[in-house]
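One-letter residues, chain by chain:
There are 2 protein chains.
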Amino acid sequence: MSYTAPLKDMLFDIEHLASIGEIARLPGFEDAGLETAQAVLEECARFNQDVIAPLNIEGDRNPSSFKDGQVATTPGFKEAFAQYVSGGWQGLQHPADFGGQGLPKTIGAACGEMLNSANMSFALCPLLSDGAIEALLTAGSDELKAVYLEKLVSGQWTGTMNLTEPQAGSDLALVRSRAEPQPDGTYKVFGTKIFITYGEHDMAENIVHLVLARVTGAPEGVKGISLFVVPKFLVGKDGALGKRNDVHCVSIEHKMGIKASPTAVLQYGDGTAASIADSAGPGAVGYLVGQENRGLEYMFIMMNSARYAVGMQGIAIAERAYQHAVAYAKDRVQSRPVDGSMNASAPIIHHPDVKRMLMTMRAYTEGCRAMASVAAAAYDAAHHHPDAEARKQNQAFYEFMVPLVKGYSTEMSLEVTSLGVQVHGGMGFIEETGAAQYYRDAKILTIYEGTTAIQANDLVGRKTARDGGQTAKAIAAQIERTEVELAKSSSAAAAAVLKRLKAAREAFVEVVDFVAGQTKASPNAVFAGSVPYLMLAGNLVAGWQLARSLIIAEDLASHSVDVDFMQAKIATARFYAEHILAKVPGIRDSIVDGAESVTALALDAF
Amino acid sequence: MSYTAPLKDMLFDIEHLASIGEIARLPGFEDAGLETAQAVLEECARFNQDVIAPLNIEGDRNPSSFKDGQVATTPGFKEAFAQYVSGGWQGLQHPADFGGQGLPKTIGAACGEMLNSANMSFALCPLLSDGAIEALLTAGSDELKAVYLEKLVSGQWTGTMNLTEPQAGSDLALVRSRAEPQPDGTYKVFGTKIFITYGEHDMAENIVHLVLARVTGAPEGVKGISLFVVPKFLVGKDGALGKRNDVHCVSIEHKMGIKASPTAVLQYGDGTAASIADSAGPGAVGYLVGQENRGLEYMFIMMNSARYAVGMQGIAIAERAYQHAVAYAKDRVQSRPVDGSMNASAPIIHHPDVKRMLMTMRAYTEGCRAMASVAAAAYDAAHHHPDAEARKQNQAFYEFMVPLVKGYSTEMSLEVTSLGVQVHGGMGFIEETGAAQYYRDAKILTIYEGTTAIQANDLVGRKTARDGGQTAKAIAAQIERTEVELAKSSSAAAAAVLKRLKAAREAFVEVVDFVAGQTKASPNAVFAGSVPYLMLAGNLVAGWQLARSLIIAEDLASHSVDVDFMQAKIATARFYAEHILAKVPGIRDSIVDGAESVTALALDAF
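First to last, the sequence lines map onto chains B and R.
Under full-length UniProt numbering, the first residue of the first sequence is numbered 1, with each subsequent residue one higher.
Under full-length UniProt numbering, the first residue of the second sequence is numbered 1, with each subsequent residue one higher.
Just to be clear, a hint being listed does not mean it is correct.
No distinction is drawn between identical chains; accordingly, a pair holds when it is met within one copy or between any pair of copies.
[As the list claims (entries may be wrong)] In silico BS3-like cross-links for lysine-lysine, where the CA-CA straight-line distance does not exceed 27 Å: (1) Lys78 with Lys520; (2) Lys145 with Lys520; (3) Lys67 with Lys520; (4) Lys473 with Lys223; (5) Lys243 with Lys78; (6) Lys330 with Lys145; (7) Lys499 with Lys330; (8) Lys237 with Lys8; (9) Lys488 with Lys330; (10) Lys330 with Lys78; (11) Lys583 with Lys502; (12) Lys488 with Lys145.
Hints in this document: simulated from the structure, not taken from any laboratory.
Because the structure is a prediction, the values reported are computed rather than measured.
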């Protein structure tokens, strides 16, 4: 099944919702206007459609394999990654100082979507490198930057994030890996890390592990965790690769999906590496990033970048599943339409319920894409705006969006990929069809880089309760302004969207009051509704962006600009409002009235 | 992961909701009271827990395999099936005349749930035999009954349903398999059938295929389809097995789930069988069931039985996934509770969102079980009640329930098995954990035996529009009586349930009016909301049964009967009302106000 990048929709969002024109007025982004976006996206589409997408099903059939400490990736991956590197795609958003192109996230995010639609398992390797780059940029010493950044930005080397240990998943306070300071200023790292994506592979010369560990004598809990760079191969001052470091892949996981992406168990310091011959004993040589005991803070930099990117993965796989389902629904002939409009069996896309499924898939995908695009624009402004107050507001908005982009877009991807299978009927359950792979692949998205519950905790605690709901209310106020705009239109679609948007925004404000007001007094009641709150907020913000899209599309259509596309946008926005936004008041009821019943059952009764 | 049959919950439903005491007053069910139910369920639990459940994960790891026309089932399946047969489990609900035990469906359904919780792939073989038995009982000649029924009822032989062909899935009008009448009264059957569950296997001596085909010269469309018995091995008048019939398995499918259940492509009449040496040429020897051209009608008998059974599969796999998730949540230690109640990391079941997920799983499962139990009781009364009017009313109620039991219970099983993975975090995505298997297995349930959309068409057309909404309104009236009962309780739980039940029932009535009133005039608008209508109705009926459960549980608790269980039932009913029933008004809005946006998008725009 081929993939066609939804360039028109992406560029609509980038131009009209994310306002790339304004981004291009920010210092450092002078060349990043709409024309640049268009050129980059078109080139990116060609590359992903032609080179990366065909390897997706291959990765599922011939997953990464492990033997004698080595991981062999799916046939074709190594060559495709070489093309990814030579095309400069890894450096898209990274600073020119280190060889990157320094483009805004607003453009980079769309490219990330394409790569993930084409092949989510493949895309995970660059995704993790991005996180490692961000962490080093923010907290790495000049020396570390000099040694590692250029090669990570080029893609010659790749990066990983090493957080999880068997006893420490969501709860990083339980991390036990340890780091012993050495006289030369380096550390020896010991411990076992699990679930390390691309922790070992054959696509790059070196792998740069970013590892959480405790320095000997550090405090317990999250305040005693430091961050280290531990390269697979030691690197000389000249940048040349030296001996193998004492970190080894001991196995990879047998997973339900993203099978081409190797998920490694890494053993640090078991003493089997060549490097120990030169040293006083076993231990992986590690280099402290930033200061001791501030590792979690730095890791959050990587995580926030990765969380947004995982949200994009949700959008990406939803788009691919949608395209797959549409193609089947246009091709598969079965039964006459219920309205008697055709005298013979018709392609199933003519059946209302198939349309309902496809519209649901489409509306979720477009809504989340619009939300993510606007979030990316806020990120760009937060980092590049000359005005401090503007930077601060954009930062607050972006930070509020991260759990929504991650949590809501990935949860919706479960529903969308399930509908994708459903549209295929029995064929959907047969692996050769390809729809099942998206369903299996997507399920990791609500789990890794923080489960939906972890995103929801973040939304409740750091993003809502901490500022007393101020950021949330500011968003509600912006939505109200969109309602005023909607009210100016005389169309039935605008009226329908206004009705649902208003009800959803009011429900949101009630929930924000409940969350901001009760988190301290009744934490169980608030956290019982944390995920529903996240789903409500994500639903609303995506619906809001589609409402904005509708206003813009009505205006452009009235000026005869790309009328078919604009009418489709209007229809999609209305569908979203009537079938997805319409869920919001019910969720409000569950959160505000239903907290008690979440925690009422005695533990023994489960 | 072991399985423990939820005997208490099953017997609560059987005693208090399905009113087994009343069923035991029906002619033919005199011995089928509560004591019998208890004894049968306990024995069934032991068998399934000890013998069948341990083979579930094995079936996923070592699926059925195909070689040279033969299918080898998972190691252990053949022996387990022999025990299933020797225990008399296949005959549980079938007539004593043919060796069965003639127990009510109210009891049989609970046994079916256990078998499917234990091992859905395994359970499919008996499930299909049940369908074949029902079809032969209803439409088979005395001769066919004499030759086939006893061996099917004992389990010595198994049955299959052969509907689907590559071009004919949901649309049986497109069936092309043909049957040529022979001078001896038999037929020669030719054609290709796909997706035939247990179409070939090694667990029984013979396989009795029930096959849809067109007799030469029959009318086109569904009115020209006949039903045939085509045994794998021809059967002599003495019941002894003869030569191999000309039907062959040419491959089995590579599926996302239920991997142990072989899904066969069967070739009829390709001339490779030994039997053709004796005959005038190729063709599988078939025996007409009932009359020519009434095949679809008979097949619906099998399908209705199978649809209910597939609904039970949804409940069964949800139960298993729930048990798996609860065990993990009680065991896995991660993070401190948000309310500060514990000074150290706690089992994750202490976290409100984990409770929310487990309560969602539990409430859906118990709600659908209660609905299915009441539906089974109606089936029993429809077949055994001495009063014709009572039979008719119960039949109408049962027929209304079938699409809800099938459609709603299977759709909820997707959500429940997804939550089951989610509770496990990263471990859920690792196949060895077992949670992923339920997620993969469950996805077939919303597809086979009629997709959810096909169930919804049935609910809209035959079950609602045809009688002008009369049956639906009668159910609404019954729900109103439950509301009156709820209002008599002074508890907060009863008040909370009443609030949501009333709102949901009112929404249901509005939708029924819309469906009954508009199906002819605006079929596209009604069918655009057909699946949402099914989900609304299933949600309501399951919630209604939990509301009844709450009333009963409050009464029993006040008489000190099993207080812990009753309080758990009350908590679960309240959770269902506040978190699941609360969705209903939103669905009503989407159906009644949102039809237009489902079909608005131009076909080219997809």
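* **Intra- versus inter-copy proximity for Lys223 and Lys473 (alpha-carbon distance at most 27 Å)** => Neither. Shortest intra-copy (32 Å) and inter-copy (62 Å) distances fail the 27 Å Cα cut-off.
* To do: Check Lys237 against Lys8 for me: Cα-Cα at most 27 Å, and say if that holds within a copy, between copies, both or neither.
  => This pair counts as neither: shortest intra-copy Cα distance 47 Å, inter-copy 70 Å.
* Asked: Checking Lys243 and Lys78: alpha-carbon separation at most 27 Å within a copy, between copies, both or neither?
  -> within (23 Å within a copy, 55 Å between copies)
* Asked: Is it within, between, both or neither when you check Lys78 against Lys520 at 27 Å Cα-Cα?
  -> Neither way: Lys78 and Lys520 sit 51 Å apart in one copy and 59 Å across, limit 27 Å.
* Asked: When no copy is named, should Lys330 and Lys145 be tagged within, between, both, or neither for a Cα gap of at most 27 Å?
  -> For Lys330 and Lys145, the Cα distance exceeds 27 Å both inside one copy (52 Å) and across copies (44 Å).
* **Alpha-carbon proximity context of Lys583 and Lys502, limit 27 Å** => Answer is both; intra-copy 13 Å and inter-copy 18 Å each pass.
* Asked: How do Lys330 and Lys78 come out at 27 Å by Cα distance, when the copy is not named: within, between, both, or neither?
  -> neither (35 Å within a copy, 43 Å between copies)
* Asked: Under a CA distance limit of 27 Å, which applies to Lys145 and Lys520: within one copy, between copies, both, or neither?
  -> Neither: 42 Å inside a copy, 71 Å across copies.
* **Alpha-carbon proximity context of Lys488 and Lys330, limit 27 Å** => Intra 37 Å, inter 55 Å, cutoff 27 Å: neither.
* Same-copy or cross-copy closeness of Lys499 to Lys330 [CA-CA at most 27 Å] -> neither (33 Å within a copy, 44 Å between copies)
* If the cutoff is 27 Å on CA atoms, where do Lys67 and Lys520 land: within, between, both or neither? Let me know, please. => Classified as neither; 51 Å inside a copy, 64 Å across copies.
* Asked: Can you tell me if Lys488 and Lys145 fall within 27 Å by alpha carbon in one copy, between copies, both or neither?
  -> neither (53 Å within a copy, 72 Å between copies)
Checked against the numbered hints given earlier, the structure breaks hints 1, 2, 3, 4, 6, 7, 8, 9, 10, 12 and satisfies all the rest.
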